[in-house]
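Q: Each chain, written out:
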Amino acid sequence: MAHFTKATSLHDWMNQRLGVDTLNRVLATEYWIPKNINFLWAMGMILAITFGILLISGIFLLMYYQPNVHLAFDSVNYTIMQEVGYGWLWRHVHGVAASVVFLIIYIHMFTGIYYGSYKKGREMIWISGMLLFVAFSAEAFSGYMLPWGQMSYWAGMVITNLFSLGGLHANGLVEWIRGDYVPAQAFLNRFFMLHVLLIPLAIIGLIALHFGALRIPHVNNQDGEEVDFEVESKKYLAGDTKNSKVIRFMNDFLAKDMMVVGIYLIFFFYLVFYHYDFAMDPVNFDPANGLHTPTHIYPEWYFLWSYEVLRPFSTNVGLIAFAFAQVIFFFLPFLDRSPNAVPASRRGLFQIWFWAMLVDMIVLTAMGKVPPEGSFSVIGHYAALTFFALWIALPFITKFEKKV
Amino acid sequence: MKNSSRRGFMGKAFGAVAGVGAVASLYAMKRSWDPLPSVKAAGFTTLDMSEYKENELVVEKWRGKPIFVLKQSKEMLDTEDKNMSEITGKTTSAMDKKRLLKIGGEYYMVCVGLCTHLGCIPGYRPDKKDFLCACHGGMYDDAGMVTKSPPPRGFDIPPFKIDGMKLVLGESSPEYEKMLADGVTLKV
Numbered sequence: 001m002a003h004f005t006k007a008t009s010l011h012d013w014m015n016q017r018l019g020v021d022t023l024n025r026v027l028a029t030e031y032w033i034p035k036n037i038n039f040l041w042a043m044g045m046i047l048a049i050t051f052g053i054l055l056i057s058g059i060f061l062l063m064y065y066q067p068n069v070h071l072a073f074d075s076v077n078y079t080i081m082q083e084v085g086y087g088w089l090w091r092h093v094h095g096v097a098a099s100v101v102f103l104i105i106y107i108h109m110f111t112g113i114y115y116g117s118y119k120k121g122r123e124m125i126w127i128s129g130m131l132l133f134v135a136f137s138a139e140a141f142s143g144y145m146l147p148w149g150q151m152s153y154w155a156g157m158v159i160t161n162l163f164s165l166g167g168l169h170a171n172g173l174v175e176w177i178r179g180d181y182v183p184a185q186a187f188l189n190r191f192f193m194l195h196v197l198l199i200p201l202a203i204i205g206l207i208a209l210h211f212g213a214l215r216i217p218h219v220n221n222q223d224g225e226e227v228d229f230e231v232e233s234k235k236y237l238a239g240d241t242k243n244s245k246v247i248r249f250m251n252d253f254l255a256k257d258m259m260v261v262g263i264y265l266i267f268f269f270y271l272v273f274y275h276y277d278f279a280m281d282p283v284n285f286d287p288a289n290g291l292h293t294p295t296h297i298y299p300e301w302y303f304l305w306s307y308e309v310l311r312p313f314s315t316n317v318g319l320i321a322f323a324f325a326q327v328i329f330f331f332l333p334f335l336d337r338s339p340n341a342v343p344a345s346r347r348g349l350f351q352i353w354f355w356a357m358l359v360d361m362i363v364l365t366a367m368g369k370v371p372p373e374g375s376f377s378v379i380g381h382y383a384a385l386t387f388f389a390l391w392i393a394l395p396f397i398t399k400f401e402k403k404v
Numbered sequence: 405m406k407n408s409s410r411r412g413f414m415g416k417a418f419g420a421v422a423g424v425g426a427v428a429s430l431y432a433m434k435r436s437w438d439p440l441p442s443v444k445a446a447g448f449t450t451l452d453m454s455e456y457k458e459n460e461l462v463v464e465k466w467r468g469k470p471i472f473v474l475k476q477s478k479e480m481l482d483t484e485d486k487n488m489s490e491i492t493g494k495t496t497s498a499m500d501k502k503r504l505l506k507i508g509g510e511y512y513m514v515c516v517g518l519c520t521h522l523g524c525i526p527g528y529r530p531d532k533k534d535f536l537c538a539c540h541g542g543m544y545d546d547a548g549m550v551t552k553s554p555p556p557r558g559f560d561i562p563p564f565k566i567d568g569m570k571l572v573l574g575e576s577s578p579e580y581e582k583m584l585a586d587g588v589t590l591k592v
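Listed in order, the protein sequences are those of chains Y and C. If you read the first sequence in our numbering, its first letter stands for residue 1, the second for the next number, and so on. If you read the second sequence in our numbering, its first letter stands for residue 405, the second for the next number, and so on.
Think of the hints as simulated: they come from the structure by calculation, not from any bench. Worth double-checking, as some hints may not be accurate.
Label-pair restraints from in silico Cβ distances [said to hold, decoys possible]: (1) Y382/Y with A445/C: 46 to 52 Å; (2) F376/Y with V427/C: 56 to 62 Å; (3) L173/Y with S409/C: 44 to 50 Å.
Here the structure is a predicted model, which means the values were calculated and not measured. No residue lacks a Cβ here, since even glycine has one placed at the ideal position from N, Cα and C.
I would like the entire structure built from these sequences, with the hints used as guidance.
A: See the structure below:
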């Protein structure tokens, strides 16, 4: 048995039993972050904090929400919004955070792509991050079902119908997922369970994996420079903080991080108090009705690009296109054949690829929102084809990239 | 040596038992997600076909799904030949006759009113005598044949049994079996 001595303080008492000093050193004060980074490196912390906000607001919503097809709509739109003290606050915080979290995820992703932070030992960071993206997507979709409005019902109908796998007509699979012929009580109940338990558990596990994956390769920097963390941290601890290329995670880096988080939170609460309606589709304020489809069914803005990829094609081709769009980002570290892990601005053709991909996804998002008619339909079609062409071109343009 | 082989045996024995348990649990989990017997048992709808008017779409409900009933006028039956399928490039009249239900000397279109693309409910336009799905722009003629993609096929027809002027949905009949055999509809 380990040897314990009489504690000299509460801190010492805890330290003997839990090793809090060691934990603090390993996780915070001697976890090294490069100096050469910018505000885009704060997105991870913003995401962690937004997830916390979603969790807390969700707990309060959970206390009054009724997962029942007859009661769900009113429990949200009447009980929570009208009766519960500050219920509107939790709902607007939850809705806005669910939308904004995707904006930050996309910025976080494209930062990683721009600076090459998915290769040279950082592949697992990228893959675990993509798994988080999928888990957040599932979380957003299942949460969207819960108010049981028209958009909830019809989004549930359309998305579960994807599992009939087009020409395979796997209706049995669709009915199994729904627990009924159409989205009904069994459907609402199981998506409620997924939203409040199973998927959040998966997300928490994946966040741990994502952080763990960062530990050995460390954070990338603005120049893709290979920092020797061993040497630089020794320099820092010896007192030569000026010449060291790294700083402590806590408090040094966190101080800057929280500065960006502060600005973000001002933006976030501005939306919550003055523009919460952008995250609330007016159509979803009609109760679910299985005998009436809304005129236009479109997903929330963050799914529009992948929805638009599906839309211009016939069922089977569309499904394959959709599946392709869902998984292709996972393979980025392996489709990028260049050994250069430097900013896109120094990578020749890849720089064009990066901006073309970003613009194309914005075009797809815009075209997904408008009705599929006339020139919109044509633009959407070409943007979808461009998306695939870019991914096919990626291995070739990176293969012949000059080593920097 | 003796100990380690015993441990090895225990490990394998545990693995085998746990494996059986895992498979059994997965089966139980799969079954728990199945539609309940009460959900499956509910699901016969009887329609009185004498109540419908020509070229007036009525939406009935069967197993939570909308059912389109459209009584065909003389004109609608005659103008079928103009409907060209964008997908096959052939006129749809031959298919039309096979899709319609003949009850009491009149022709009716009776279909599940969900777009075969992704399950939205298309709207009927009585002036143009066609269906338009707002979700992805799919179109169908007045007999439920698809005329513009993305829908891969015409509206599905629910199992039916004709009983005089009554139509029972959810129960199969030789007429419905023939439709399935001819590939007019998929099993719903």
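Q: Run every hint past the structure and note whether it holds.
A: We went through each hint and held it up to the structure:
1. Y382/Y with A445/C: 46 to 52 Å: Cβ of Y382/Y to Cβ of A445/C: about 50 Å, so the range 46 to 52 Å holds.
2. F376/Y with V427/C: 56 to 62 Å: 50 Å, violated
3. L173/Y with S409/C: 44 to 50 Å: Check passed, 46 Å falls within 44 to 50 Å.
In this structure, the one hint that does not hold is number 2.
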